[in-house]
Amino acid sequence: MNQTLADKNILLIISGGIAAYKSLDLIRRLKERGAGVRCVLTQGGAQFVTPLSVAALSEEAVFQDLFSLKDESEMGHIRLSREADLLVVAPASADLMAKMAAGLANDLASTVLLATDKPVLLAPAMNTVMWDHPATRRNFRTLLDDGLHAVGPGQGDLACGEVGAGRMSEPLEIVAAVENIIGGQSAGPATGPSTGQSGAAPLKGRRAIVTSGPTYEAIDPVRYLANRSSGKQGHAIAAALAGLGAEVVLVAGPNNQPDPGGVSVRDIESATQMLAACEAALPADIAVCAAAVSDWRVAGEAEQKMKKDGSGQPPAFNLVENPDILATLSQMNGGRPSLVVGFAAETEKVVDHAQSKRTRKGCDWIVANDVGAGTGVMGGDENTVHLITADNVEAWPKMPKDAVATALAKRIADHFTNHFGSE
Numbered sequence: 001m002n003q004t005l006a007d008k009n010i011l012l013i014i015s016g017g018i019a020a021y022k023s024l025d026l027i028r029r030l031k032e033r034g035a036g037v038r039c040v041l042t043q044g045g046a047q048f049v050t051p052l053s054v055a056a057l058s059e060e061a062v063f064q065d066l067f068s069l070k071d072e073s074e075m076g077h078i079r080l081s082r083e084a085d086l087l088v089v090a091p092a093s094a095d096l097m098a099k100m101a102a103g104l105a106n107d108l109a110s111t112v113l114l115a116t117d118k119p120v121l122l123a124p125a126m127n128t129v130m131w132d133h134p135a136t137r138r139n140f141r142t143l144l145d146d147g148l149h150a151v152g153p154g155q156g157d158l159a160c161g162e163v164g165a166g167r168m169s170e171p172l173e174i175v176a177a178v179e180n181i182i183g184g185q186s187a188g189p190a191t192g193p194s195t196g197q198s199g200a201a202p203l204k205g206r207r208a209i210v211t212s213g214p215t216y217e218a219i220d221p222v223r224y225l226a227n228r229s230s231g232k233q234g235h236a237i238a239a240a241l242a243g244l245g246a247e248v249v250l251v252a253g254p255n256n257q258p259d260p261g262g263v264s265v266r267d268i269e270s271a272t273q274m275l276a277a278c279e280a281a282l283p284a285d286i287a288v289c290a291a292a293v294s295d296w297r298v299a300g301e302a303e304q305k306m307k308k309d310g311s312g313q314p315p316a317f318n319l320v321e322n323p324d325i326l327a328t329l330s331q332m333n334g335g336r337p338s339l340v341v342g343f344a345a346e347t348e349k350v351v352d353h354a355q356s357k358r359t360r361k362g363c364d365w366i367v368a369n370d371v372g373a374g375t376g377v378m379g380g381d382e383n384t385v386h387l388i389t390a391d392n393v394e395a396w397p398k399m400p401k402d403a404v405a406t407a408l409a410k411r412i413a414d415h416f417t418n419h420f421g422s423e
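Residue numbers (the numbering used here): 1 to 423.
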């Protein structure tokens, strides 16, 4: 294992929530990379994981009580906060984030967080309704504006049985964010892409169009041409851009994904409808074409359901080419988005075919992924991509689609900061 965190000290604060069980794996992952890990376990966190488990994995004493004579004499809260290179709050509950935003210090965790002068990384986790509550969003934005970092939350199945935003990022996503913050480095193959958000919303005032999911091209009233795209990657990108302050319009083909919070969604079915919705959403600074758009459609949709005619011969379809949404947005003479990012789903010669597609379509960047049999990308939760620009090809490690989205959004924000400043 690459010792990317050798000689670094992490203070992990574990607050209350079922996601606390992931903190045990997070400790192991951090230590694998050479970090020393001390832990603060809140009263709520101790309802889900035991001090013994945390101590066994961290190989350190676990600190729980602000007013414990033993804890304070061995390692006072000031020393806990000052001796760490980075504080990680995982899970970061709505309650603890509210305390932090208000500057409260009424238990050990909140006191340590108020007393620190070191970077802090939040990994929020809660029910989707709690996450979408204006108070939680306000507190979260306050903390980002105060300079804290964040990774997630992701979308998915929650412990309450609901599906939506609020799932704590996976341990490896959090580790990638830790490596980025401590290393101060941009995305790359050594540690994976940056997954942290920090500071004031870097894309505030920017408008983004994101396409997601498949398109359905009707054959008759009950049949259609389609593909296996789930929309997970595109929806995650829309959420990540919105999390960095962008005004996002998500143009989505048929899918079962929950609508991301803070995003304006335009539901469509066909490629023609998707192009029209994208053009209606202009002007935009950013366009990310993550949808898997059908290349062809049937020349004429049958008005009635097609039936077998008894001949044993299949019907003949006349296919016509669909509009090319990525090329249309990339090659606009006026009103072209400043940054157009395409996706290339390939089954062979992934990088070569994607580079050719970038040149042919005229987009600025292209994200290439291998969707061949056995990869599990189409409809799955993970992705392995290459980010291809005019000057570079970056191989990113396999990671959850939420992490890919967060990394791409961060890279987009960096692009605008580097090229246009704060404007």
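To be clear, the hints were calculated from the coordinates, so they are not data collected in a lab. For every residue, glycine included, the Cβ atom is placed at its ideal position computed from N, Cα and C. Any given hint could be a false lead.
Derived Cβ-Cβ restraints for the label pairs, each shown as a range [to be verified]:
id : residue 1 : residue 2 : range
1  : A395      : A302      : 39 to 47 angstroms
2  : Q47       : G147      : 39 to 47 angstroms
3  : L104      : V351      : 21 to 29 angstroms
4  : P283      : Q47       : 20 to 28 angstroms
5  : G335      : Q313      : 29 to 37 angstroms
6  : D391      : A6        : 39 to 47 angstroms
7  : H133      : T384      : 21 to 29 angstroms
8  : A395      : R228      : 20 to 28 angstroms
Here are the computed lysine-lysine pairs in the DSS-like style, where the Cα-Cα straight-line distance is at most 30 angstroms [what the hints assert, rightly or not]:
id : residue 1 : residue 2
9  : K361      : K307
10 : K349      : K361
11 : K204      : K308
12 : K349      : K305
13 : K349      : K204
14 : K31       : K398
15 : K398      : K357
16 : K31       : K8
17 : K8        : K398
18 : K118      : K31
19 : K118      : K204
Violated hints - listed by number, lowest first: 2, 3, 4, 5, 6, 7, 9, 11, 12 and 13
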